[in-house]
Each structure stands twice: as C-alpha cells, then as structure tokens.
Amino acid sequence: MFLAKVVGNVVSTKKTELLTGRKLLVVEPVDFVDQEQAGASLVAVDSVGAGLGEVVLVVQGSSARLTESTRETPCDATIMAIVDYIEMRGERTFAKS
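According to numbering that gives the first Met the number 0, the sequence shown is numbered sequentially starting from 0.
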C-alpha cells in the first residue's frame with residue numbers, strides 16, 4: 000500500500016467488459032511527510048470515488064483485486080481510500096482541505 004495523489008484521468012471507450020463502468024485515474028506516488036512526488040505515475044482503478052488532486056491510498060498486485068468493485072477485474076492498482084489526514088510522530092503532515 001502506498002500514498003499517492005490523483006493527477007489525471009484515463010478515458011477508454013474500448014476495453015474489456017470487466018472494466019466497463021470503472022473509473023481509471025492517473026496517480027503519482029507521494030511522500031508521507033510533504034506529499035511531494037516519490038515515484039513514477041501509474042493508472043489505478045478507483046473504488047472509492049476519488050477526484051483530481053486528492054491524496055489517496057493505493058494497493059497493487061493481487062490486493063488490487065480484493066475490493067468489492069474490483070473482484071475478478073484485470074487490474075494491478077486500485078485506489079482503496081481517500082486520505083483525510085496524516086499524523087507522523089505526533090505532528091499532522093497532511094490534512095484534507
């Protein structure tokens with residue numbers, strides 16, 4: 000599981016039927032302290048209604064297919080939570096505005 004920021008959308012009119020109705024978002028891994036980019040962008044299936052600019056938690060691999068909306072879906076990354084705030088060592092490093 001890793002922290003990421005939603006930075007874009009992927010629109011695909013032709014895709015496998017198992018992905019029909021699923022929102023695909025571009026996410027960029029970010030650091031837990033300052034939410035600065037910490038890795039290469041990737042596409043994730045949105046299972047929680049995330050939007051552009053939101054900080055989210057993403058799972059990859061077989062865990063990506065364990066949410067209610069991604070069961071039996073050919074995906075390798077799933078957004079499974081929208082982050083409200085992050086506290087580290089007693090200090091809040093992020094709060095959703």
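Calculated directly from the structure, the hints in this document are not laboratory data. A portion of the hints provided could be inaccurate.
What follows is a set of in silico ranges between Cβ atoms, one per label pair, in the way DEER data are often shown [as the list claims (entries may be wrong)]:
| id | residue 1 | residue 2 | range |
| --- | --- | --- | --- |
| 1 | G48 | I85 | 14 to 22 Å |
| 2 | E16 | A94 | 37 to 45 Å |
| 3 | R70 | E90 | 31 to 39 Å |
Glycine is no exception: its CB is placed at the ideal position from the N, C-alpha and C atoms.
Consistency of the hints with the structure:
no. : hint                     : result
1   : G48 with I85: 14 to 22 Å : 20 Å, holds
2   : E16 with A94: 37 to 45 Å : 40 Å, holds
3   : R70 with E90: 31 to 39 Å : 37 Å, holds
In this structure, none of the earlier numbered hints is contradicted; all agree with it.
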